[in-house]
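J.: These protein sequence lines are chains A and B, in that order. In terms of numbering that gives the first Met the number 0, the first sequence has 10 at position 11, counting the first letter as 1, and numbering is strictly consecutive. In terms of numbering that gives the first Met the number 0, the second sequence has 177 at position 178, counting the first letter as 1, and numbering is strictly consecutive.
Treat the hints as calculated values from the structure; they're not laboratory data. Beta carbons are placed, not taken as given, at the ideal position from N, Cα and C, and that holds for glycine. Just so you know, not all the hints are guaranteed correct.
[As the list claims (entries may be wrong)] Computed footprint of chain B on chain A, listed as stretches where at least three residues anywhere in the stretch have a Cβ under 8 Å from a Cβ of chain B:
1) 5-12
2) 69-82
3) 85-99
[Said to hold, decoys possible] As a list, the in silico SDA-like pairs of lysine to any residue whose alpha-carbon atoms are at most 20 Å apart:
4) 247(B) to 210(B)
5) 1(A) to 47(B)
6) 41(B) to 83(B)
7) 55(B) to 44(A)
8) 41(B) to 71(A)
[Unchecked claim] Partner residues aside, some chain B positions facing chain A, computed with beta carbon under 10 Å:
9) 40
10) 105
11) 118
Take a look at the letters that make up each chain.
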Amino acid sequence: MKRIIKLTINGKPVETAVSPNQTLLQFLRDDMNLTGTKHGCGLGDCGACTVILDGKAVNSCLVLAIQADNSEILTIEGLAQDGKLHPIQQSFVDKGAIQCGFCTPGMILSAKALLDQKPNPSELEIRTALSGNLCRCTGYQKIVEAIGEAAEVIRMREES
Amino acid sequence: MLLPKFYYHEPATLEEALRLLSEMGGAARILAGGTDVLVRMKLKIDKPSHLISLQKIPGIDVIIQRENHGVTIGAAVTAAELSTNELILERFAPIGIAASRLGAPGIRNRATIGGNLVNARPAADLSPACMALDATLKLKSAKNEREVRVNDFFRGPGETLIEPNEMLVSIFVETPPPWSGGAYIKLGARKALEISMVNVAVLLTLQSQDGPIADVKIALGAVAPTPVRAFAAEEFLVGKQPSSELFKEAGAIGVGMCEPITDHRGTMEYRCLMIETLTSRALNQAYNNAINWKPLPV
Chain A
0 MKRIIKLTIN GKPVETAVSP NQTLLQFLRD DMNLTGTKHG CGLGDCGACT VILDGKAVNS
60 CLVLAIQADN SEILTIEGLA QDGKLHPIQQ SFVDKGAIQC GFCTPGMILS AKALLDQKPN
120 PSELEIRTAL SGNLCRCTGY QKIVEAIGEA AEVIRMREES
Chain B
0 MLLPKFYYHE PATLEEALRL LSEMGGAARI LAGGTDVLVR MKLKIDKPSH LISLQKIPGI
60 DVIIQRENHG VTIGAAVTAA ELSTNELILE RFAPIGIAAS RLGAPGIRNR ATIGGNLVNA
120 RPAADLSPAC MALDATLKLK SAKNEREVRV NDFFRGPGET LIEPNEMLVS IFVETPPPWS
180 GGAYIKLGAR KALEISMVNV AVLLTLQSQD GPIADVKIAL GAVAPTPVRA FAAEEFLVGK
240 QPSSELFKEA GAIGVGMCEP ITDHRGTMEY RCLMIETLTS RALNQAYNNA INWKPLPV
């Protein structure tokens with residue numbers, strides 16, 4: 000039996016009916032048409048489906064849509080403001096931290112969750128934050144550099 | 000990957016959850032973090048027709064300090080919370096470190112200590128940590144409540160002495176005495192999202208800062224069908240003056256407790272060598288933490 004859930008997705012309030020066996024990932028992609036969140040392994044191993052739920056990075060393939068009732072969700076679509084890329088996105092572009100791009104939304108949201116908690120992370124902290132996100136093109140070095148640079152841009156922006 | 004159909008329940012109180020559980024018996028599973036049960040359902044290893052979510056139950060996800068004598072950890076406390084909680088890291092270090100090594104950040108933000116214990120995987124991170132700290136588990140059903148020591152809890156891979164109508168509600172750990180130190184070491188092929196090849200948790204207590212070993216607990220994971228305590232190594236150590244050589248000998252004795260298997264993660268021979276090395280390494284770490292023991296700031 001479907002149930003009504005109320006939540007905020009990328010700042011917009013949403014009220015809709017979901018089935019108990021629908022994952023948050025399926026709900027975002029199929030019902031909300033937010034296909035930036037990727038479906039990789041479906042088992043919590045690859046991190047492609049990472050979204051931010053109430054400030055925390057989670058694997059949306061292992062959360063039921065029903066469990067997201069009353070929560071606040073941020074997906075990759077919610078990062079750019081007024082057509083301008085978020086500093087983490089911009090820095091991924093500038094650094095060439097993207098190859099095929101499939102892992103990128105998850106990487107960027109894991110990075111966002113980290114930088115919200117720790118604006119000045121060490122390289123180890125960046126690598127730990129990304130440890131649940133797999134990139135099969137093998138571009139981790141550029142990704143780590145891009146996040147370090149984005150952290151600097153965000154800090155400078157907040158100071159000025 | 001699709002989830003099969005099931006009925007979803009979201010009780011607002013523990014009593015209601017326990018009533019649902021007793022009514023449905025084996026057809027229901029508890030949904031806490033979901034990082035194990037949803038995976039098993041997707042892979043069709045487990046086919047519950049009911050899921051009982053703990054999300055709306057108040058107080059089941061909190062850590063409560065019991066004055067100075069211990070801490071009660073709610074079953075739905077996440078690994079992320081345990082790995083950042085100052086009290087846990089300071090006084091119950093094996094639990095805090097093991098929690099920080101479980102899965103990856105996205106998993107740790109959902110996975111719970113109760114789930115990690117009840118699922119009873121031989122390589123679970125928090126099981127040996129709780130065993131080294133001699134934790135007590137509170138199991139509740141609609142009609143009964145009992146406490147069991149975590150050392151008696153595991154029966155085999157995926158098997159514990161929990162009954163289908165019972166739920167693990169909290170974990171109590173006594174505060175280790177002064178001059179105690181803990182350690183947890185996990186060995187795997189990579190540093191994150193890894194299932195342990197061998198894991199070791201140690202709690203070591205000295206009689207005084209430069210005194211002999213008053214008490215020690217060594218728990219090993221992924222080396223037998225359940226996590227095990229290395230009692231022979233513990234007995235060997237008590238009363239002796241700590242030294243690296245002594246810890247090396249204890250590591251060799253620790254191997255005697257284990258019946259590791261050969262699988263794709265490692266061979267039996269390699270695991271035995273690693274049990275020896277990691278036990279002595281964990282004892283050294285725990286000893287270093289014990290001599291640096293400090294009273295908590297008031």
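J.: Hints first: check each against the structure and report whether it holds.
T.: Quick rundown of the hints versus the structure:
Taking a C-beta to C-beta cut-off of 8 Å, the region 5-12 of chain A contributes 0 residues in contact with chain B, too few for the three needed, and the coverage statement is violated. Coverage of the region 69-82 of chain A by chain B is violated [criterion: at least 3 residues with CB-CB distance below 8 Å; count 0]. Note: the region 85-99 of chain A has 0 residues with beta-carbon separation from chain B under 8 Å; the three-residue rule is not met and the coverage is violated. A threshold of 20 Å between alpha carbons decides the hint, and for residue 247(B) with residue 210(B) the separation of about 19 Å falls inside it, so the pair holds.
About 18 Å separates the Cα atoms of residue 1(A) and residue 47(B), which keeps this hinted pair within 20 Å; it holds. This hinted pair does not check out: residue 41(B) and residue 83(B) have alpha carbons roughly 31 Å apart, beyond 20 Å. In summary, the hint linking residue 55(B) to residue 44(A) is not supported, as the alpha carbons are separated by about 27 Å, beyond the 20 Å threshold. The straight-line distance between the Cα atoms of residue 41(B) and residue 71(A) is roughly 26 Å, outside the 20 Å bound, and the hint therefore fails.
Of the supplied interface hints, the one on residue 40(B) holds, with its beta-carbon coming within about 9 Å of a beta-carbon of chain A, less than 10 Å. Hint status for residue 105(B) relative to chain A: holds, with the closest Cβ pair at about 5 Å, below 10 Å. For residue 118(B), the interface hint is violated, since its Cβ never comes within 10 Å of a Cβ in chain A; the closest pair sits about 14 Å apart.
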